[in-house]
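Undergrad: These are the residues of each chain, in order.
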Amino acid sequence: MTRLAGGLIDRARNLNFTFDGRTYAGHPGDTLASALMANGVRLVGRSFKYHRPRGVFSAGSEEPNALVELRSGARKEPNTRATMAELYDGLEAASQNHVGPLGFDLLAVNDLFSPFFAAGFYYKTFMWPRAFWEKLYEPAIRRAAGLGSLSMQPDPDTYDKRFLHCDLLVIGGGAAGLSAALTAARAGARVILADEDFCLGGRLLAESHLLDDAPATEWVARVQAELAALPNVRILPRTTVFGAFDHGVYGAVERVADHLPQPGAQVRQTLWRITARGAVLAAGAIERHIPFQNNDRPGIMLAGAMRAYANRWAASPARRVAIFTNNDDGHRTALDLAAKGVEIAAVIDPREGVRTQGDYPVIAGLVENAKGRLGLTAIKVAARGGSQWIDCDALGVSGGWNPNVHLSSHHRGRPVWDAALQAFLPAKDGPPGLVCAGAVAGQGGTAAALRSGADAAVVALADLGITAHAPDLPRAEDAAQNLHPLWHVPGKGRAWVDFQNDVTVKDITLAHQENMRPVEHLKRWTTLGMATDQGKTANVTALAVMSELTGKPIPETGTTIFRPPYSGVSLSVLGGGDTGPHFRPRRLTPTHEWARAQGAVFVEAGPWMRAQYFPRPGETTWRETVDREVLATRKGVGICDVTTLGKVDVQGPDAGEFLDRIYANAMKSLRVGMVRYGLMLREDGTAWDDGTCARLGDAHYVVTTTTANAGPVYRHMEFCRQCLWPELDVQLISTTDAWAQIAVAGPNARRLLERIVDGFDLSNGAFPFMACAELTVCGGLRARLFRISFSGELAYEIAVPARYGQALAERLMEQGADLGATPYGTEALGVMRIEKGHAAGNELNGQTTAQMLGLGRMVSTRKDAIGAVMSRREGLAAERRVLVGLQPVDAADPVVAGAHLFAEGAPQDTSSDQGWISSACFSPHVGSAIGLGFLMDGAARMGEVVVGANPLQGQTVRLRVVPAHFIDPEGERLRD
Amino acid sequence: MLIPHPLLGLRDAQEFTYLGDAALLNRPDGMAEGAEAAFAEYVYLRDNPAGLHRELWFHEQGDRSWLVVTRDTTTHQILGAELARDVKLKGGAA
Amino acid sequence: MHFSGLRVIREALTGHKGWKPLWRNPEPQPAYDYIIVGGGGHGLATAYYLAKAFGRARIAVLEKSWLGSGNVGRNTTIIRSNYLLPGNEPFYEFSMKLWEGLEQEFNFNAMVSQRGILNLCHTDAQRDAYRRRGNAMLLAGADAELLDREGVRAMAPFLNFDNARFPIKGGLLQRRAGTARHDGVAWGYARGADMQGVDLIQNCEVTGLRIKAGRVCGVETTRGPIAAGKVGVAVAGASSRVMAMAGMRLPIESHVLQAFVTEGLKPTIPGVITFGAGHFYVSQSDKGGLVFGGDIDGYNSYAQRGNLPVIEDVTEGGMALMPMIGRARLLRVWGGAIDMSMDGSPIIDRTPVEGLYLNAGWCYGGFKATPASGYAFAHLLATGRPHETAAAYRLDRFARGHVIDEKGVGAQPNLH
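Chains as they are written, first to last, in our numbering: chain C, 1 to 976; chain X, 1 to 94; chain E, 1 to 416.
By construction, these hints were calculated from the structure, which means they are not laboratory data.
Treat the hints with care, as some may be off.
[Stated by the list, open to error] What the simulated footprint calls covered on chain X by chain E, stretch by stretch (three residues with Cβ under 8 Å from a Cβ of chain E suffice, anywhere in the stretch; the number is not a length):
id : region
1  : 18-25
2  : 46-53
3  : 70-77
Beta carbons are placed, not taken as given, at the ideal position from N, Cα and C, and that holds for glycine.
All chains should be built: construct the whole structure from the sequences, respecting the hints.
TA: Right, dumping it as structure tokens:
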């Protein structure tokens, strides 16, 4: 056990947890990493490429080594940083990325062959024989690569997306963040304070020095209490602000229940979209290490992390430790650990004239090697007098601190090198409204950070017109670091720069030798910075090493910018619960419940659920049902909900003129009380949408659109009205949802409707084909009636206010029982429209023209309408494929949509392709399968036999070209 | 992104549907001489500037206004928004 | 230097002292016969084929940043030839055939992995459209298979079959499709071109085109003027900016496309899978990250970064399709400026300026086209005639009405 005294853990309670099946105990306040450390566990993982044994390296989200699979079953969470996993009772964790036990990973053989796996080696081999890549090399690589594994089960937890607005978002709750939040809060600003940790305080919790002569935790607690009591402040612990987006929008993830065994009734995590008028980035700094040979041994870690474990978590990786530092901060670790009773073997510090600051030995020199494969046992120290091995079980390394500038470069601003600090500071062109404070801004001392936080808040709020004043801040230390740059220890062996991805100084040297010198090439060639830690502890060091090799200063060598997310964000929370059946909203028609009662099978039609067919007892296939619905409609009367078709109400003195410009054909000339089929083109001249346009009054039209284009057509019409012709006096409103519309089709349609209209003359003379009217039905219910037909039968569409849709359907069924009233679904609708030769989505697919649809003459040349001019372009005019009907020569043959058409005897290849079958069905009327298709010169080829080729399914069928009306070609039924 | 709607104030860009260059306001006369060439340019060619861009957004999940938004395509900074109708009545997008 | 497993072993045993630079860092010469503007995938491939396949010399590639910093350096690495229209399919199938021999051709392992692409369909109409497309692929000499729901389940049992808003009805499978290591492709072409004597000049931004009497005669750059016989522009994402220097407006808008990668995972997903009821496509890299993408943000942008709503939307699609990825973490999001053309298809053509050629408008799909695009552009530059598979990619097709609109959405770039 290496548990020390003190710390911010609750020793009164034990939390049991398992790691690789063994049970350990920790305390509330522990992370998995600190608990493992306190239990003397040093080996926790394996590296990506060489499968090197690894231990905890850091105390934060920058952790490259200590990745575990947390939890089990469907909740298994791979690649979880032990340093961020808050301990709870019953926590289960397992090490990952090894074959065999963690201590004896068979894939560690890679390490023996590491000379063969130098940077970029895979680009140079595995090319022969060609087929071996997919069969042999790649599967082997893929099995060895990757890190943790997914459970392959759906995530059982729930997630939420929420929105917040504030004046000031403070990112980071350390000295600078707390002081910024306090400043803003007291000024009355709406403040959000977010920190990725589960308690506020940041580095203040990790240090031993005092604020106003008291432990820093007392000040933290006081500030937190004040903030928590203010109504204008929201504190979000366990919340990572992961991205800075446009216009003050920040993405954040709150880990609501990750510290609990199970979320219970809560969501596991919440995705916050925070819209902040201003922000203070006070995310601190990340310590950097100093590469030397075998510097990745378990037990070697960041010195500041070592101090954090000792002070905050009362844990030490060992009883005897050494420190390797090039600045005064490393000495603090020695002092604090020594004060907690840890033996300091030595502080190795290469700076001239360095002295001990306490009761520990200092060696002016370098650490140049380390021993202990599964856990550090000794370090080799080179000093003026020569080299010596010093026994120690842990080594803290400090090479200075890198400001945590990530979010400041999310708008692609480049961090700026500060030679005095030997660090990259935030870009000047960071996200607008974002002010950096504390260590991020190079103000890493506690007193400086406190001041800088308050100043940043004052500045950020001044931009918003809010006057704030810096509060009285506690007295604090402000020691200089006195850093002497040391980027790596030269030597022959492998010295790790990027731990997780196993990128060493040698790899960078090789990249330089092979001219992969631009920083982006360096990263990509060596995989530096591509691991789960995104190079947080590696990138700057690598740049410095490359700078040494090129002989150019660091800023000329390059800078790296950072992209969201700051640290990994679970896909579940980004999906936020809009998954499974909730992926998209589900729109139900007004007759949905009625259809369900009728036994309907429903089908997705864009956002809508529509009745597809209505099976009856005894029917064994959907085809049987559909055939019955079609025949019943053609013989008696069928009823179908067509509410999903788009409806746009167009009113105003210029409505006719407006519609004349919208439709390819004329509409102004339409008489009141009549309906006209209308064709809309896109401005590029392609056929876009069709439907009906009914004129209900002098200045009142109702336009219908296809279901799929209801939204786009309305948007387009508003574009035309507002952007093209605002001078026209016309108003639009989408009424798709306002009216339930039901098609009543079949020879008995009139007789059925006569039973529900309120004294309205439906005779052919009074209400002919393509007539429309406003009327009342069922004793006073206002309705609209259109005599239009999609099926080719005598047919009407009747619209009533949506809430009466269901009642209307019921009434029609009730009144029509003796007339054979039959509900039909989208399948029968589709069959009947193919039999009638009406185009639908498969024909109006955005690639066809009016001419191809046989509607070329509808495009008026006497007026200017959307798309008319472009429809006359040479390429469109030259298009020879036109809509035809297709019928198999052998009635037993199938007709399949998606087959391509060829002249008989022609080779079946792209150059001989003459068209395709767009829609097909079995026609109970014809007694065989039939199809609609586009065929080259089709109009002139009636009666000819062509070949429908569907090589995808091994089918070739002889088809006779027929007119695209399989039923009632003269249109007598619908005019009857 | 947030769009400063001239009537409704700052609104989330997710409420809007984007169309493109506000030059689409300047539709040529389809009955004029040489209309086909003018339309080919209108329909297909774009300045596509790296910098200030006047562009059309439709407040589809809102008041159904078409807006002309002036936005910098290199920074996404928005300099202003007007009702497209007003822009058109004043003579279209320059 | 020839790369091989033997060479890797020999170098490993001798301390890697023998590895040479992958390419030189030449100073720009005063004049070249051919200047390719843009050292991304297409520019590098063009230079490579111009030298290797067409035997041309005195070639330079001018890159404003580092080689491969175009969209070849940030994409979802998918290669496929599953197009419908006759203007496209033969070209992409030509590209696929070049992919199949690419690594042996340029002696560099670009990790071309033919693990297949499965496009899922969720409605009958979608299946009809896939059938038409699959047949078009077969008719053009490519491979395609139509799977039913059970066929899909056998390939990808982890998909959401039982609790989906839009049930999976089947899919169109192209087994020869797959992925390639994007950087490897850029570097393979760069190294190959360099070995053929092409000057690859980095940190050299073209700031002007020198045009005299309607003919291009060179370029102005940040490293001085350079004379040229012919200039080929392959700068997708920035095509409008560069061609504006020649006074041209293009049928192109620049948009931002975001791409996503998760932390590394043990093998999870076999090939490339695309969702048909939302915009989401995914594959798994050899390192184990799930690489995925979806819709473009949808507004003109050169900012090379996107916004949160699209990140959420794309992830929703992923979660809806394969809910077992939920506990994986998104590691990185990046945004690239892409050329969205007015019909969703590219342009490889001469321009009104003599000697000035354009390769542009690749929308989402430039990566898979890299070999064929380079070859066809080199063909055009060398012979003055379009390559037979790229003959439809004309600049005047918009005015003449010969657009190649795979999605059928018309002249609105953000819908393609």
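Undergrad: Would you mind marking each hint as holding or not holding in the structure?
TA: Evaluation of the provided hints:
no. : hint  : in the structure
1   : 18-25 : holds (count 4)
2   : 46-53 : holds (count 6)
3   : 70-77 : holds (count 5)
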